[in-house]
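Undergrad: As they're listed, the protein sequences go chains G and F.
Anchor point for the first sequence: position 52 equals 52 in our numbering, and the numbering is continuous, going up by one each time.
Anchor point for the second sequence: position 341 equals 341 in our numbering, and the numbering is continuous, going up by one each time.
These are computed hints drawn from the structure, not numbers from a lab.
We put the beta carbon where it would ideally sit given N, CA and C, even for glycine.
Honestly, I wouldn't trust all of these hints.
[Unchecked claim] Mimicking EDC-like on lysine to aspartate or glutamate, the simulated pairs with C-alpha atoms at most 20 Å apart in a straight line are: (1) F:K417 with F:E334; (2) F:K394 with G:E5; (3) G:K134 with F:E501; (4) F:K507 with G:E138; (5) F:K504 with F:E554; (6) G:K94 with G:D122; (7) F:K504 with G:E55; (8) G:K134 with F:E334; (9) F:K394 with F:E501; (10) G:K6 with F:E334; (11) G:K158 with G:D72; (12) G:K118 with F:E567; (13) F:K504 with G:E61; (14) G:K28 with F:D378; (15) G:K118 with F:E246; (16) F:K530 with F:E501; (17) G:K28 with F:E383; (18) G:K134 with F:D243; (19) G:K158 with G:E88; (20) G:K7 with F:E334; (21) F:K394 with G:E138; (22) G:K8 with F:E334; (23) G:K128 with G:E88.
[Stated by the list, open to error] To list a few chain G residues with every Cβ distance to chain F over 10 Å, as calculated: (24) K6; (25) A59; (26) E66; (27) D91; (28) S97; (29) L102; (30) N168; (31) I178.
[To be verified] Some chain G residues near chain F, calculated using beta-carbon distances under 8 Å: (32) F19; (33) F23; (34) F26; (35) A29; (36) L30; (37) Y57; (38) K114; (39) I117; (40) G136.
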Amino acid sequence: MRFLEKKKITLSFLILVFFVFCFLVFNKALFKDKIYSPEFKDGKTTYLVDFSLPELYSANEIKLSEVIENKDFSIINIWASWCVPCREENDLLKSLSSLSSLQIIGINYKDRKKNSIKFLNDYGNPFKYNLVDKDGTESINLGAYGVPETFLVNKNRKILIKIIGPINDKDVKKIREIVND
Amino acid sequence: MILSNVGFLSLLLGLISSFAVFLCTVLNIKKNLLNLEKNIYKFLTLQFFFVIIGFFILLYTFIISDFSNETVYNNSHSTKPLFYKITGLWGNHEGSLLLWLLVLTSFILFFFFSSKDEPKNFRLYTVIFHQIIVIGFFIFVLKTSNPFDTLFPVPSEGLGLNPILQDPALAIHPPILYVGYVGTSIIFASALAAMVTGYVNNLWAKNLKKWVLISWTFLTGGILLGSIWAYYELGWGGFWFWDPVENISLMPWLSLTALLHCILTLEKRDLFKNWSIILSIVTFMLSVSGTFLVRSGILNSVHTFANDPSRGIYILIFLFVLIFISFVIFFIFENKNLENKKEIFFLSKETSVLINNWFMIYFLSVVLIGTVYPIFLDVITSEKISVGPPFYNKLLIPFLIPFFLFMSVGPSMNWIKTNLKFKASYIYYFLLTSAATIITIYFLTQKDFLLIILVFSLVFLSVKTLTNFFKNNTNHAQNLSHLGFAMLMLSILFNSISSTEIIKNIKVGETFISKNEKITFEEVKTNEKKNYSSIIGTFEVKNKNNKIIKLYPEIRIYNQPVIATSEAAIKTTLFKDRFITINLIKDEQLFNVRYQNKPFMIWIWISTLIIIFGGTFAVFRKKKNYS
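Looking at chain F on its own, in the form it has when it is part of the complex:
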């Protein structure tokens, strides 16, 4: 009880420090005093300090299971393993917002410390714009989602954490994703500040690039972990469902990817100034809209935990205030950052960045429309529709072909002008790609025209990207990420067209055949654990070479709250995953068994890791260059 009050007080003091930072910065711009700048440091540190105190108090109440705190009561249980007690902190609305605030305040502090070389007014304006966001979130937390609400009388036991959230991948998914999301707030504030102070130039781009890279890398990691969770925990055997909540993490990723390419052009060629600013603003707006859509309960999804319109309306107003501010600033100061009238030669890196951006914006629009259109239609006509995978497949896949082709040649272009000379190597590329495509197609069961071109363009992209590694003066971070992307697309493609599935109802001892494998249901055991009891099946998979693999799918019945979940048994090999789930059938001896063969599953994770590795490499390499 006392702890929670201290926590609340600490957040309140944090809010006061935020106002103090804001005031100091505004005064400093007007009066230009040196000791005021010291005060900004002080208050920024203080603001971060108070949030971290609040965070640790909440963490501590989770660890000791202090059920006088309502958040702990709603989301934890005394028999929960320590790991899930800790991760329970951000497995709920209130705690996750506190985490958001923690990342937000730490980033601005880090920004202020690390930007000493940049113009003073630019730094101050960045802090001002960022403080608007910080204050907005502080008030949001304190007013609508206080994590330190207390309960009296104190309950003796908590309600428990939703079992589907008790998963290692999901436990670290929110913090990683938040770093990615919140990193875009610095990009946003810095873009507005650069606009106001007329600092939109290659120097700004050079400094902003590391923030873009950090956010992008973490966002990619966050999405990866979310997918891993969906694959291992949800038990449908898929990793991406085009669920609205997945889409809203993909949208900032797409605009951030566009920005990442655009900012390179700004750095090297002083081009695309306004466009970079717009992308920076859009990226952050998409992140906040993501929070709005998840947290307001406007969408029905596995991720919707909160169903409170008052929270929704707060974020909605906040979002539109931010849009309004950035809009006004953009139109007032647009003239200050006049675009250089440089001609762009058709065959140049500038053009390829532009083409990349067109594609990114197209993909973004498709996902945005698919996510938001049902809401608009519902409000305007009361008609309810659902937008599923067919929509996205139809609109995205055909455009991937030209995208892959442009992506394969884009990185080989030079800045300013590329002289196109006929090289013999082009013929080799073409022959090599064609040969590889023919071999690949031979192994595929499905053969239609679109698929063949898709495979061809993808193989071409992979071959081209691979050869880039052996060139002189090449950017290995970029090569890695591009290679990872090509591999990801290849694995997704092969995975989606050659997955097989068989669903049977069988008793213990029975056997069924899937393709050239024989699957035997050997036995069933029960097992008691600390927070659940489980039914474990033993399956034997025998392939035609008489190689035996054992699989142990599980049904878990959690005791707090009582929820049955089915844990898939997955045997991963280099070329395919064998995926088996069992379900109870009511009042019968039969079990519902679902057996899937998912080729190249592990390559989806590996290739995304390569993309992330490329991003990380770029962050560190750049840092070395600066110092």
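Here chain G stands alone, though its shape is the one from the complex:
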């Protein structure tokens, strides 16, 4: 009996610790900044994976590598209408879309179609193509951490810059430097 009591106390202690842990995790998640700190990964010769996804407006299947081959440089931007920082970076993307040697390809991440179309109507559309990644699996294959996330790649799908979180003026300057070389 004594032994049982002891066992019970140990067990309840462990369960309690588990719940405290859960509480702390949820508490942290609640106050976690939903905007991710940008992180640069330079000098890494990694290549973008290839996949096909339907286009947002036309719904035609588009193969990523075929589109990237057409221009010297491409920006792959993962976005969603429910993502607040995506709205802020939209203007910067639009400013980049005028560059002749660069095209911007959007990957519409886990979104509802009409919400994303409304987003583009409201904030403007910097994207040449918009690939719909409805369940988010291809974005995971891409190695994406979340939304927004931006890759700058060359013709051969070599990743030149990867920006986690929204892009800022500094990133834009850097992208312009690389593209104009």
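For this one, chain G is given, so just place chain F on it according to the hints.
TA: Same frame as chain G, but now just chain F:
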């Protein structure tokens, strides 16, 4: 303005009555006075009365479009049809919590009235535990989400209700779902009270069963309406997306289903006492976590309207206080309800209930991990992942096969011991099922091994359940729900493997072919309505027998707030749905047309209705037996 102040005051008085109920109950346990019990009645009624006053005031401000009230201003508009003015009340965070409070206070009142035959201390403790929940929600409403905040100067027009919420199915979805959710609070309080007073026995189970059935039936109905809304309104052509918010309504449903089976065993055999208590607690905790996850903005989803961490932190603390209380009570009083040392024979109904519970807990864990794991991973490693349908399909589908097989034989087992005798009928079942499976497989385009076994087990379940109807001394409520479940699974299976979809960009007058149907885009019309203008396309679908069906998909542009939504045109027949949506393509004459063939769609709704009907039947049948 005055109305809103009265409403707020009424809720405040409601909170005071809640404290009074709590105090009276505690005193009554100590002193055992008769007139105190009368006071409990009085204060419980008063508490309900004040909440209902608040509710009707808010309803009235919605109906007359009183924009001095901030909730009304944010969620309504004067040109809105009356129906959506009313449903706008619970289409937002503040109003929906008031509705939650209304159901909460009405249920405890109903419980106290209807439980007169039960031990006095058990009733009192139930009220005490339930009042903790009521007071918690009262403070939550008044402190962080007051529906009666006023605006000055008074705006002349409201912001409008989100158009995707302007849908009849969604309008009644929250109240139904809430009855289901909140019903679990009575189960929770009653489980804790039974624990404290040592009343965890077959009598308790018998009385609790009707609450479990009511919650379960309403929860099923709520989930059904949510799915219907997703299918008709979201326009993707699916009815279940494994969205976190859908998952959190499924989780309490799974544990409630487990509890429903478990409580039967407790009633008939006085077994699984602690397990029933744990399930009761878990079910309510899952309901509150659901509220936490939806209301805190911790998840990104169509359902997240509120994005306020202060609300989140309140529910989070409240949730963990409740967990802590139930935890302490469980460990202190566990010895009081000693489990009967009865042996369970291997072939018995007890075993099949146990197996049902294992499966339910497994399904629950999968859904729970899929929903919560991304949050944990994000906090601990800052890595962001998304868990989608492939995860659930891989982990759930293989386990459905043994689940279906156990489910087909489980109900035929006897309590205590089943004598297994070889019957010729088993061979007939087997032959019949095999024949039906072969015929079914023949019609399917996809043929892999897993699918064939899945179809076989499902057909077997359906055949077995159907024959149960013709047995003597059988439980028709159970048969109905089980049959509904088998049909639901069959329809989902056929629907998911033989749906077809074709997406085209075409102009007016053009034609395309889908399988053996010819679809012509005939014309486009525009139409002005009170709160939106719409573009309506006319499509003609001609099948190989030259039978013609017309479909009219629509694009609606709402005026407050300005949002374009696409309304699918759906032609439902007994065997398949034809589903068509159109979308505008920017700066072009073309329309994006999406045409889908969804077999057995209507059977998904019908079979869920059969499940609900089974539950309702059980509630009423039991009531008759008692009186």
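Undergrad: It remains to establish, for every hint, whether it holds in the given structure.
TA: Hints, verified against the model:
no. : hint               : in the structure
1   : F:K417 with F:E334 : 28 Å, violated
2   : F:K394 with G:E5   : 42 Å, violated
3   : G:K134 with F:E501 : 15 Å, holds
4   : F:K507 with G:E138 : 31 Å, violated
5   : F:K504 with F:E554 : 16 Å, holds
6   : G:K94 with G:D122  : 13 Å, holds
7   : F:K504 with G:E55  : 11 Å, holds
8   : G:K134 with F:E334 : 48 Å, violated
9   : F:K394 with F:E501 : 23 Å, violated
10  : G:K6 with F:E334   : 15 Å, holds
11  : G:K158 with G:D72  : 11 Å, holds
12  : G:K118 with F:E567 : 15 Å, holds
13  : F:K504 with G:E61  : 11 Å, holds
14  : G:K28 with F:D378  : 10 Å, holds
15  : G:K118 with F:E246 : 24 Å, violated
16  : F:K530 with F:E501 : 34 Å, violated
17  : G:K28 with F:E383  : 14 Å, holds
18  : G:K134 with F:D243 : 12 Å, holds
19  : G:K158 with G:E88  : 27 Å, violated
20  : G:K7 with F:E334   : 14 Å, holds
21  : F:K394 with G:E138 : 18 Å, holds
22  : G:K8 with F:E334   : 11 Å, holds
23  : G:K128 with G:E88  : 19 Å, holds
24  : K6                 : 13 Å, holds
25  : A59                : 4 Å, violated
26  : E66                : 19 Å, holds
27  : D91                : 19 Å, holds
28  : S97                : 15 Å, holds
29  : L102               : 21 Å, holds
30  : N168               : 19 Å, holds
31  : I178               : 26 Å, holds
32  : F19                : 6 Å, holds
33  : F23                : 5 Å, holds
34  : F26                : 6 Å, holds
35  : A29                : 5 Å, holds
36  : L30                : 5 Å, holds
37  : Y57                : 5 Å, holds
38  : K114               : 6 Å, holds
39  : I117               : 7 Å, holds
40  : G136               : 4 Å, holds
Of the numbered hints given earlier, the model fails hints 1, 2, 4, 8, 9, 15, 16, 19 and 25; all others are met.
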